[in-house]
Structures are given as structure tokens and as C-alpha cells.
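> Each chain, written out:
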Amino acid sequence: MKREASRAISFVVNGAERTYKGPAFKRLIDVLREDFGLTGTKEGCGEGECGACTVLLDGKPAASCLVPVSQVHGRKVETVESLARGESLNPLQRSFLEEAAAQCGICTPGILLTAWSWVKAGGSADPEAVRKHLSGNLCRCTGYQSIVDAVVKTVKKRRAA
Amino acid sequence: MPKPGIAVGRSVPRVDADAKLRGVAKYIDDLRLPGCLYGVTVRSTIAFGTIRKVELDPCWPWKDAVVAGPKDIPGENCVAVIEADQPLLAPGRVMHPMEPLLLVAHPDRNRVWESSKHVQVSYDERDPVLTVSESLARKQLLRGTDNVFKQYLIEKGDVATAFAGAAHIVEGEYRTPHQEHAYIEPNGMAAWVEADGAIVVVGSMQCPYYVQKALKRIFPGRDIRVIQAVTGGAFGGKEDYPSMLAGHAALLALKSRKPVKMLYDRSEDMASTTKRHPSVVRHRTALSKEGRLLAQDIDVVFDGGAYLTLSPVVLSRGTLHATGPYECPNVRVRSRAVATNSPPNGAFRGFGAPQTLFAAEAHWEKIAAETGLDPLKLRRLNLVREGSVLATGQVLKESVSAAQALERVVARSSYEKTRRTHAVCNRKPGKVWKGIGLALVHHGPGFTGSGEVMLASRAAVALERDGRIAVLSATTEMGQGEATVLAQITAETLGLDLSLVRVETPDTAKVPNSGPTVASRTTMIIGGILMKAALKLKERVVQELGSFPTTTKGLKEAGRKLASKGPLTFEEEYRKPPEVVWDEAAYKGDAYGVYGYEAVTVDLSVDRTTYEVKLRAVHTSTDVGRAIHPELVRGQIAGGTVQALGWALTENAVFQRGRMSNSQFTNYVIPTFSDAPPIDLDIIENPYSRGPYGAKGIGELPHNAPAPAVVAAVRQATGLLIGDLPVLPEKICHGLLARRKAS
Ligand code: FES
Ligand code: FES
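If you're matching them up, the sequences are chains A and B in order.
Per the numbering used here, the first sequence runs over residues 79 to 239.
Per the numbering used here, the second sequence runs over residues 289 to 1031.
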């Protein structure tokens, strides 16, 4: 147990190799927020229900409050901080801006990542399908409509381009 | 629709969007406080009784922990809201489960939880009061001589005589449950003590000046500075509770002399913070043969929980909206908020009105069922119009859109045709029954009665050295878009590009007291004050320079020229429009300056085997006066509608011995992307002469109509009138079984 705890865990966060030393069962969300200072990832429930803590793990959405850091050794993690390129927001973030799809914003990082995985994978522009893909992420402010509109808009723009 | 101005009427990017989309906005949990301790609360496990003994486990290493109890409170042991009956830490008597007893702080976020479990509390337990009927029957006396926190009576005309001459008399009883706000960011607060002894608190909140007021009584003689962190949703749930949490964090900070952070987890937040008041509302209605209202006799009871907190004002709004947006010559509304041994209920979007409007609207279905009259025709016949007189004697003078909202939603949703086709489909075999239901509501924005006069809110605009305009107000951004809308109103008034206006962080050291961010008052009331302040600034500049510059350079120069001649901050206070007259003692007059109106249809299906309800489509037609930011208005309506649909269908707060037993998202089910229906949002702009650019408050109105519309739709689908929220599949099942047995 002791030896396990002190072994370094390495993984790629937002394109950069990072190493973590500490308890192997620390939750990924805590490592990101406390050890790496990436506070864009939010905690809404700590039990896998709200999706606020969603990150992309090897490109797929995962609830970082349920993932012990030992499980990400050698893998690739993307957080909300990876989406914008310097000054410019990514196309999904831009649609969120235009549709006023972030209200209080606490659910936004998680929803952006779940939706980004949909957009990147060539998901459809059908609102029903978008809703289904996002149904693991809760938002209490928007009623979801503006978010669905923003995702659909991004998919359509990408197709047109 | 009026033409957009330079800023008003345009869906500009939200001023807070960029930081939120990048994940760099700092919520309270994101704030780094080097050397801080983490605080937790030891809470009561019983509903009612007295504390016999509190002991710290002698085997536990307490040396790194700091423990604070009632004796450590330097001033009054209270959380002052309207009264000061709620203690900061229960001193001896326990009034509800999850009541704060003791505080523990520790440098390690995990160890602090373990430490709190090593506090042993023993009690002398008493039989608790768990329902409003037990409270009214005085099973135990929790408050005064009758357990009643507050009561109101509104009387108009002669109710008794009207019943004597009625063609129809219809009675009904309606019940609504607790509702949890379920903001995705739980409550959180940080506090520290400055070298000069001043206490600073930062956190998730709606009302910095409420927190300051409460802390002044707990920590007398100290300067108290309160700063709002970026707030992850509130909906009323961060109106009064943050005062409690701030008191706790500050007490631990004072005792430990270190910064202290207190962050609730989901379960603690749900089980211990405020909820929407459960209600029992009885209607007795007299109607003419053709369905005209002759008399409404309404009895309202709200479950206030263990302490008074905001119950009197929640009840007041509920009472004033209890008749629905209808004109009736004879009205009696009697209402009471009573004490029970459960955590205090508080503010939640709509503030009492969704409860009483649910009853009023669901009751039309009962009336329709018993008289054979059509619910749409009944509403058309009775709804308020310009010149109508409400129960308090208020004459509706302007911006009365009940009929317009109703007709527009009926047309847009093809309500009448859909109702006919559903009726045909329901007679045939199939997998589902279908129903479409309707509701029509109103909502008075701003504080009730003389509330705004008593608040005397202030807000200011300042010309800053860098040539920008600062908006100084204590109203808070919690997602609704307040910062953007106030910037728009200020920019429009000054004829400036929005980029030249910035909104100051709500911080009691920097902004005047603009009152609380509640009651749909921000756009209408604070927006109105800012407009006046901006006009003053403009006047002053024009007086000096002959014209008002519209560039940074010009503004900078203006600032330089004016700086020597006095301050460049222009503050204004709320002034009541002279025509709005309210008599608090008699409870008569203009309860609100104006009302917003909304009509909603809900189209749904009920599975004939599982009784699962699926929302097919929702249409809303909403009069907002003027949409300062159309996209934000739509966001408020969509968000409020879905919250109300959750309350109507899935949000089932289960209370056992006064404690919420499903305090998790796993079993307290709020709507997801898949549950929420697409909504057709139709905005009506019928301007209010006293609102900035014609705007009326919009935040709460959308919570009123969806639930009764659901009940009406379920009635068409199943023939059952379920007047007891939420409409769970098991209730439909039981209703159908009962009906089968009876026939
Ligand atoms: S915080 Fe991870 S799912 Fe809610
Ligand atoms: S924007 Fe507030 S929870 Fe989604």
C-alpha cells in the first residue's frame, strides 16, 4: 500500500506530460484542481450524477469525481482549459457565447467537453440525438434549450465548412 | 416589437461569458487561500428536543482541529433575517434535523470530516410536529400560542351572499411539496479576519448586504466586508442561507485566526438548506350558470419549517397571487404560515406564487369537470383586462396582457385542434394516452406592497479615470444575466458602446446597498435607478462640456476636467411612483406596480402500461414589458419552465421525521437534457411606463404556469385530476385503480 502510494503517476493533461506523486486513490478531479491548479473542472455532486466534473479521458467524456488518479496513468486527459487557443475561443465555445448557453456557468465546462466529444466525433445535428448524448450532464439554469441550439449550430457550421 | 437601441433590445454577448466558457471564472471553491482551514458543521440528528451533552471523543487527536460552539459567539446567537429567532448554533433546544450545533475546522479537507464524526451529542428527544395539520392542531407549541408565524386576510365584496345566489359551487384541495433548488454549485463561503479586526467573507450568494446585516449582530463592533464570488446558480436558495454559512465561517476564522473555507457537499446542501414551502390550498368557488366568477373563498397554509426566516414575505406573495389573474367581485383569501420541526423553508423562484397559482389554475380543471364548461372558455370569460379590480382593490391601469398571452399561446400551440385530436386518439387502442393542458398566470415583479420603499435601494454610475463607466450596485450575477442587462441599460442611457461600461463586483466595500437580488426586481427596480443615475452623470458632463463624449478618449478628458469640481460618482435611490399606493395595515391597494403575464400549454403523453409521463411539447407566451436582452429573457423563461416541470413531475423530496431522506441527485430527480421538452418561447413586449425602456421583471413568472398545465394535460390524457404534486406514475396508477373499483 505504502509503495503504491508513492509511485509516480504520469499522464498527459491538455497536451503536456504531467507527473503526480501522492495517494493513488485521490480522485482525478482533486488532482486536477489541487495539484495542477486546473480549477475549470467543477464539482457538483461528487457521485457521478451531475457531470459538472466531466473531462475527456482518451477523448471520451468521464466523470473525474469517480476516477481514481491511478487509473489515468499513461492516458490522455483534456479539461475545459484546453479548448480555447489563446485569445480565440473554439467553435463550440463561440456558439455557446452567441446562444447565451452559459448562465451561471458551473455546468458549462463539463457540458462543453461532453458536447465537444460529440462535435469532434462527427455527431449529428439532430436535437434529439444531441440531447441524448448530453443527458449525463445536468444544468439547472438554462432549461437546456440554448445549449442544444449551440451544439446543433456548431455541428451545422462544421459541416458547411 | 420595438426597434433595438444602441445596447437595449440586442442579444449582445454576456459580459461574464468569456471567463465562464474558458473555465477561468473563480467560484468560491476555486479561490486559493494559503494556509486556510476547512470548516464543517456538526448537525442535529433529531427533529425536536434538547441537547443533553456534547462531548469530544477523548481518543481522537484534536490538536490540529479548532472547535467552535455557541459560547464562542461574541454577539447575539442568531441569524437575523426578518426576525432573529433562528440561532447560529443551537444553544440547547433542537428545532429540526440537520440544525447546526457545533463547528469544526482542520487544515486537511478530509480529516475535518472525520473529526466532526468524533463529536458525540446526546439528546432528550420529544415528539416532533411533522405536518401542517399537526402544527395547526398544536401537537406541540413551536411558536407563540398557535404555531402560526404569520397570517393574512384579504376581503373584497360579500362572499357569503354571493354563494347563496350561485348556479355552481365547486370545492377543491391542492397540495404542493418541498422543492430543492438544486443549483449545481452547492453553498460555499470563505472568511478571514484582517489585521485591524475586520471580518471579510467571500462566497456564493445573492444578497451581500443581507449577509453583512446578519454578521453585524453576531460580531458587534467589527467592520464586516462581504464579497460575492462567481455564483453557480441560486434561484432563491442563496438568499438567506448564506448568512448562516458566513456566520459559521467567520466564527471559525475568528477562533482559529486563520482563513476558513466551508463548502457543503451535495447531500449536506440538500438536507440542510432551504426549500420551497410545501402548501395546502383549498378553493371554494361560486360561479354563474355560464361560468362567470361570483365568489372565490381561498384558504392557504404554508409549511414554514422550524424558524420564521422569510416565511411572512413568501406567504404574502402567495396570498396576493392566490386568485389567479381573474376578476371576481367577491373574494376572501385567508392564509397562514405555520411551524413544523423541519429545516426552515425559504425563497425559491416565484416565492409563494407558484404554490397558490398552482391551486388556482388546477381548480379550473375541477370547475370544468363539475360544470361541464370548457377550461379555455372559463378563462376567457374571467381573465383580468385593463381596468379590472383585483382582490386588494388594485385597479390594473396598464400593460395588462392576460388575454393577449392566452390567445397567442392557444394559436401557436393549436391548442383547440390538438385537444380534439388527442380526444379522438385516446378513445382508440394504443400505447399512450395524450393530453394538452393550459394555464394562465400573472406575477408582480419587485418587492410586495411598501417593500421597495422600505428597502430604499441605491445604485450608482461612475466616470472612471480610464474613461470607462462603472456600474456600482450590490445586485448579484447568479446566472440570470444581471451584469449584462444593467450594463446595457447604462450604456443605452448614455448612448455609449457597451464595451465602455464595466460592472463592479458586488462587494460591500465598493458598492452601495441595492437591496437583495430577488423578487424579479433587478432589471425593473435597479435598472430604473441606474437609468436615473446615468442621466445625472450625463447632465453634469453636458453642463460642463456642452455634449456627452462617446469615446474612451473623450470620456477620459471629461473625467479630467470634472475631477477637480467634485466626485464623479452619481448615486440614486429608489423612488416610488406616486400612483402606486399600498396600505399595509388594511392589506389593500397596489400590491405591485405592474404584473407580468404568461400563458403556457403542455402537450404530453402517458404510457398506458407504465403510466410514465413524457413531455411532447411546451409553448409559452410571456409578456415581459420590454426584452432588454431577448436571448437572456428566453433563457430565463426556458430555465424557469423546466424547473417548474421538474416540480410538477419528478422532483419528489421525501421527508422522514423532518429530514430529507433523498438528498442526492440519484434520487431527487431534476430534469435532464432528455426529459426537458423543446419549448416554443413567444415573447410579448407590452411596455410598462415605469420600467426602464418598458421592462418588467421576468425571473420568477415562468415558474408559475407549467405545473398546473401539466395537471390539466394529465387530466385530458387519463381523466384524473391529480391536484397533489408531483404527478408520479404511481399516483396515476392509484387513481385509475380507484376509479375502476368505484365503477
Ligand atoms: S461532480 Fe462528478 S458527476 Fe457530479
Ligand atoms: S448554467 Fe447554471 S447550471 Fe448550467
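Hint data in this document are derived by calculation from the structure and do not stem from the laboratory.
The reader is advised that the hints may include incorrect statements.
Heads up, simulated DSS-like pairs for lysine-lysine below, C-alpha to C-alpha not over 30 Å straight-line [to be verified]:
1. K99/A x K314/B
2. K438/B x K546/B
3. K351/B x K99/A
4. K546/B x K99/A
5. K210/A x K902/B
6. K438/B x K104/A
7. K351/B x K231/A
8. K314/B x K154/A
9. K820/B x K138/A
10. K104/A x K824/B
11. K546/B x K104/A
12. K198/A x K235/A
Derived contacts from chain B toward chain A, CB cut-off under 10 Å, selection only [stated by the list, open to error]:
13. D317
14. L321
15. L424
16. P465
17. H469
18. R620
19. R622
20. I958
Per label pair, the in silico range of CB-to-CB distance [said to hold, decoys possible]:
21. L144/A x R668/B: 49 to 55 Å
22. D396/B x G152/A: 48 to 54 Å
23. P205/A x R715/B: 46 to 52 Å
24. T97/A x P290/B: 44 to 50 Å
25. P205/A x A1026/B: 34 to 40 Å
All values derive from a computational prediction rather than experimental measurement.
Backbone N, C-alpha and C fix where the C-beta goes; we use that ideal spot for every residue, glycine too.
> It remains to establish, for every hint, whether it holds in the given structure.
These are the hints, each one checked on the structure:
no.	hint	in the structure
1	K99/A x K314/B	26 Å, holds
2	K438/B x K546/B	41 Å, violated
3	K351/B x K99/A	27 Å, holds
4	K546/B x K99/A	28 Å, holds
5	K210/A x K902/B	15 Å, holds
6	K438/B x K104/A	50 Å, violated
7	K351/B x K231/A	57 Å, violated
8	K314/B x K154/A	25 Å, holds
9	K820/B x K138/A	52 Å, violated
10	K104/A x K824/B	57 Å, violated
11	K546/B x K104/A	26 Å, holds
12	K198/A x K235/A	13 Å, holds
13	D317	7 Å, holds
14	L321	13 Å, violated
15	L424	33 Å, violated
16	P465	18 Å, violated
17	H469	8 Å, holds
18	R620	37 Å, violated
19	R622	34 Å, violated
20	I958	6 Å, holds
21	L144/A x R668/B: 49 to 55 Å	53 Å, holds
22	D396/B x G152/A: 48 to 54 Å	29 Å, violated
23	P205/A x R715/B: 46 to 52 Å	32 Å, violated
24	T97/A x P290/B: 44 to 50 Å	59 Å, violated
25	P205/A x A1026/B: 34 to 40 Å	39 Å, holds
In summary, the structure is inconsistent with hints 2, 6, 7, 9, 10, 14, 15, 16, 18, 19, 22, 23 and 24 from the numbered list given earlier, while agreeing with the others.
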